[in-house]
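Enquirer: Protein chains in written order, with numbering that gives the first Met the number 0: chain A, 0 to 264; chain B, 0 to 264; chain C, 0 to 264; chain D, 0 to 264.
Note that these hints are calculated values from the structure, not bench results. Every residue, glycine too, gets a C-beta built ideally from N, C-alpha and C. Treat the hints with care, as some may be off.
As the list claims (entries may be wrong) - A partial selection of chain C residues facing chain B, derived with a Cβ cut-off under 10 Å:
#, residue
1, S12
2, S18
3, P26
4, A46
5, P116
6, W123
7, M127
8, S191
9, P195
10, P196
11, A199
12, D236
13, F237
14, G260
What the hints assert, rightly or not - Not the full set, but computed from the structure, chain A residues with beta-carbon under 8 Å of chain B:
#, residue
15, F31
16, W73
17, H135
18, Q136
19, R138
20, G143
21, K144
22, S170
23, G214
24, A254
Claimed, not checked - Restraint-style ranges between C-beta atoms, simulated for each label pair:
#, chain 1, residue 1, chain 2, residue 2, range
25, C, D234, A, R101, 47 to 57 Å
26, B, P44, C, S18, 11 to 21 Å
27, D, V186, B, P44, 58 to 68 Å
28, C, P182, B, P53, 50 to 60 Å
29, D, P44, C, V215, 46 to 56 Å
4 protein chains.
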Amino acid sequence: MTKSVVNSLRGYSLPLSPSGTSATLTPPPWHFSGEVVMVDYHVDPAAAARFLPPELTPGTDAGQAAAVFAHWQWCSEPDTESADPGVGQFSEFLILLGCEYRGRRLARCPYAWVDQPVPLLRGWVQGMPKQFGEVHQTRPIRVGKAGPLFAAAGTYHGTAATGGRRIAHASVNASTLATEPPPLHTVPLVHSRVQPPWLAGEQPPVELVTSTVTGVEFSEVWSGDATLEMFDALDADFASLRPVTVERGHVFGYAETLVSGQALS
Amino acid sequence: MTKSVVNSLRGYSLPLSPSGTSATLTPPPWHFSGEVVMVDYHVDPAAAARFLPPELTPGTDAGQAAAVFAHWQWCSEPDTESADPGVGQFSEFLILLGCEYRGRRLARCPYAWVDQPVPLLRGWVQGMPKQFGEVHQTRPIRVGKAGPLFAAAGTYHGTAATGGRRIAHASVNASTLATEPPPLHTVPLVHSRVQPPWLAGEQPPVELVTSTVTGVEFSEVWSGDATLEMFDALDADFASLRPVTVERGHVFGYAETLVSGQALS
Amino acid sequence: MTKSVVNSLRGYSLPLSPSGTSATLTPPPWHFSGEVVMVDYHVDPAAAARFLPPELTPGTDAGQAAAVFAHWQWCSEPDTESADPGVGQFSEFLILLGCEYRGRRLARCPYAWVDQPVPLLRGWVQGMPKQFGEVHQTRPIRVGKAGPLFAAAGTYHGTAATGGRRIAHASVNASTLATEPPPLHTVPLVHSRVQPPWLAGEQPPVELVTSTVTGVEFSEVWSGDATLEMFDALDADFASLRPVTVERGHVFGYAETLVSGQALS
Amino acid sequence: MTKSVVNSLRGYSLPLSPSGTSATLTPPPWHFSGEVVMVDYHVDPAAAARFLPPELTPGTDAGQAAAVFAHWQWCSEPDTESADPGVGQFSEFLILLGCEYRGRRLARCPYAWVDQPVPLLRGWVQGMPKQFGEVHQTRPIRVGKAGPLFAAAGTYHGTAATGGRRIAHASVNASTLATEPPPLHTVPLVHSRVQPPWLAGEQPPVELVTSTVTGVEFSEVWSGDATLEMFDALDADFASLRPVTVERGHVFGYAETLVSGQALS
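With the rest of the complex left out, here is chain A:
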């Protein structure tokens, strides 16, 4: 286990403690397995461009976006979470914007919300702009009538709220098996790692960082018509990313192992 050695105090993150076991975050790698409800859409290309740092360009499909609802189960190596399922699970809603770096297709995440503190803080370590919210999505069922049957056509919904305000609602009428995964879920994310200045006069640099992932797996992907509403609950910057057109929706299982970050180059 990689640990920061801080004098006598240890830990991958705060809180540091004598043996390092008090740290909120375990060091990577972290294994994730999740269920995803995703909607492809397009935003105003000019609005999307304003969310890109100058190193990145919109590329060939300006305004390309996706709204992603996911329920994640995760564990560290060694696994210290699985015996406590309330620790090793969270729900997430995020927005992706298609972009390019020197001709390489990437995705930029301008906003993300999670409902647990560990992924919130772990996101900030990576430069992923996670905030706290309430995120819910339809679960497939094995028996009965209260939802879409597992591994079959059916309708899925996702909702997100923060601070007692609804910010998004999506629905996907998953009707056919897709032949390949949705493109914006197959490209690397590129984040701006930001350290807010705290010491007088401090100006910490902002680094563009992509994530190294291994073990990517998709289950079968069910796709179909979709709807997506983004509500006027936050600021004008968020509102500028409202859907102009809504395309297909997708429902699938997804796994990856998040290993480390690397400076964009």
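Following the hints, put chains B, C and D in place on chain A, whose structure we already have.
Expert: Structure of chains B, C and D alone, referenced to chain A:
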């Protein structure tokens, strides 16, 4: 839709309103589909007997008990919940005690905890003693490494807490396909419908009520060794139901439609 | 302590248990001390009338309403809550409508939200239509700059949300000491005690019930201009009670002991 | 307002956005006004020493510690929080250890818990090891019976839990007016600013940082006998800081403005 007509005000439950649409609870039937992690165990037979009203007897397997963790998705008829998944889902932890009424095998629920207000209040309508808690359980996964694979052998955990205190932890090493469902999950529940007295001198009767359910379905059931800890976090009555022996655990999908109650007879 | 004796099982409410100590609710009386932020307003008189059962009339001030935000601390007799402050505190938002019964001035509560399960369930025992929500209000401060100073002029806010949707926002510019408490906070509440039907064919009566309170105390009351917004987040019945005119706001401490209910007569 | 300029993207913290208004954190200064329930105690001096980085020494009162429960109201400059009280309030439980740097008395915070995401993340910017928890404390009342009267003798309690486990309970029998504030609440905090390594091979430095505060104010301080329990709910490092002796408790209002950090020197 069956509605109580209350003068001009309408609604199956509070809040009553002019059109009845403000009621917290929809009228039955309610369709449930859930994922269950369950542990069979035995408690001190004398302790179990103290939790039975005099109409009921322990019967042939005194001290028989089960701890049940479930994640439920549910909807009404017509379905007004599925488009808002945060409304139509909840987690539950409950304890069951085997008992008999005139030779008929039943289950008594002395304690239950849920994490949403609608099932809490709906439980009280039925006489089911639901309280508020935090309940978590392992989810099977489709791809990756962060949990047991769906429809296969694997280890599942469940935890329950209330008021910032852990009350139970269970684990099930689901290793083999069972040939039939766990007995305590196949018999009717019998509840004491209680209306707390509020008017001066009021002594509302307590009724023993069983539930009429239709559409019962089990998925395949995976069973195996199990552990169960009940923590000393509540009162002595709760503590008296600690496991004396722990038997098998089970993991399965389950569905039912809850239609109405009927007086025990 | 008044307890329902239920065969061998005891408790003022569910869950019944051998010694009665597991019950979610303690029996009355319950002592309450709270901080209140309140706005007087008027709704469409026809809308208000539709929320009254036929025994009640709008009376002399048709459409009179109030929005009440309160933070409560409470305890039972004997006090089993004070040592666990998370149990003995909750926040509440409720709406009051002025009404009359045979010339006697009363208040009707069409909607209420609380953020803890005990007051939710205790409300239903009384016929008070409490639901689950997130309620926040400004606290007065003793030192510093982060709020209005205690027992002085200052601006207070209240917000309420439910299910991830904002339902109300109020502000009170408390500028002058009032000579008497706000009228709608001085009259008895009259509730419809409703037991949702569960047994086949059951039609439980609905009773109009007022509350017997003792020990009513007001602190000094600061009053001034106010704003009140009700958002279009719920059903049309709720929306019909939007403010038509907004009058004065009030900030005060309030205490009462809730003793029992009595049938309206 | 000090803003990080990140190419075209702006914001004091993540999320960066075109106008900077989406950032979770506002830049300092932040004004705080709070109500504090605090217990002085001593831990095993050797255990306390293990929580200090080598630059710091235990100093003259080895093992000196305090448990601090606080409810905070806060706002930025300009004030963007007061109109939304759910944003500008949080509860906190923290532990302090007395220490020295070159003969100067300081306090070290090995553990802290808050119940809102903004103070959680803002703590990490400063090196303060905040985690997520549920924290509750008695509120003084103005009228009635449900608590201690404001600005008078009375009993106060505080509780803290995290992940569904109770970690601490304190009580203070505030009986007399103290002549000066509790010493550990009057000295600067010294934090280790930690940036968890994420890029391959990265070893970010750990900096010892104190906070620059202005506008410190104490209300009158009520003191008296106290109790403090720390529960065995977390790791052995946390358990090593259990009370060996418990001294006086204190209840008071406190305010400060947090301006910036400065490297310890």
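Enquirer: Look at each hint and say if it fits the structure.
Expert: Against the structure, the hints come out as follows:
no.: 1; hint: S12; in the structure: holds (5 Å)
no.: 2; hint: S18; in the structure: holds (6 Å)
no.: 3; hint: P26; in the structure: holds (8 Å)
no.: 4; hint: A46; in the structure: holds (8 Å)
no.: 5; hint: P116; in the structure: holds (4 Å)
no.: 6; hint: W123; in the structure: holds (6 Å)
no.: 7; hint: M127; in the structure: holds (8 Å)
no.: 8; hint: S191; in the structure: holds (6 Å)
no.: 9; hint: P195; in the structure: holds (5 Å)
no.: 10; hint: P196; in the structure: holds (7 Å)
no.: 11; hint: A199; in the structure: holds (5 Å)
no.: 12; hint: D236; in the structure: holds (4 Å)
no.: 13; hint: F237; in the structure: holds (6 Å)
no.: 14; hint: G260; in the structure: holds (4 Å)
no.: 15; hint: F31; in the structure: holds (6 Å)
no.: 16; hint: W73; in the structure: holds (5 Å)
no.: 17; hint: H135; in the structure: holds (4 Å)
no.: 18; hint: Q136; in the structure: holds (5 Å)
no.: 19; hint: R138; in the structure: holds (6 Å)
no.: 20; hint: G143; in the structure: holds (2 Å)
no.: 21; hint: K144; in the structure: holds (4 Å)
no.: 22; hint: S170; in the structure: holds (7 Å)
no.: 23; hint: G214; in the structure: holds (7 Å)
no.: 24; hint: A254; in the structure: holds (2 Å)
no.: 25; hint: C:D234 - A:R101: 47 to 57 Å; in the structure: holds (53 Å)
no.: 26; hint: B:P44 - C:S18: 11 to 21 Å; in the structure: holds (18 Å)
no.: 27; hint: D:V186 - B:P44: 58 to 68 Å; in the structure: holds (60 Å)
no.: 28; hint: C:P182 - B:P53: 50 to 60 Å; in the structure: holds (52 Å)
no.: 29; hint: D:P44 - C:V215: 46 to 56 Å; in the structure: holds (54 Å)
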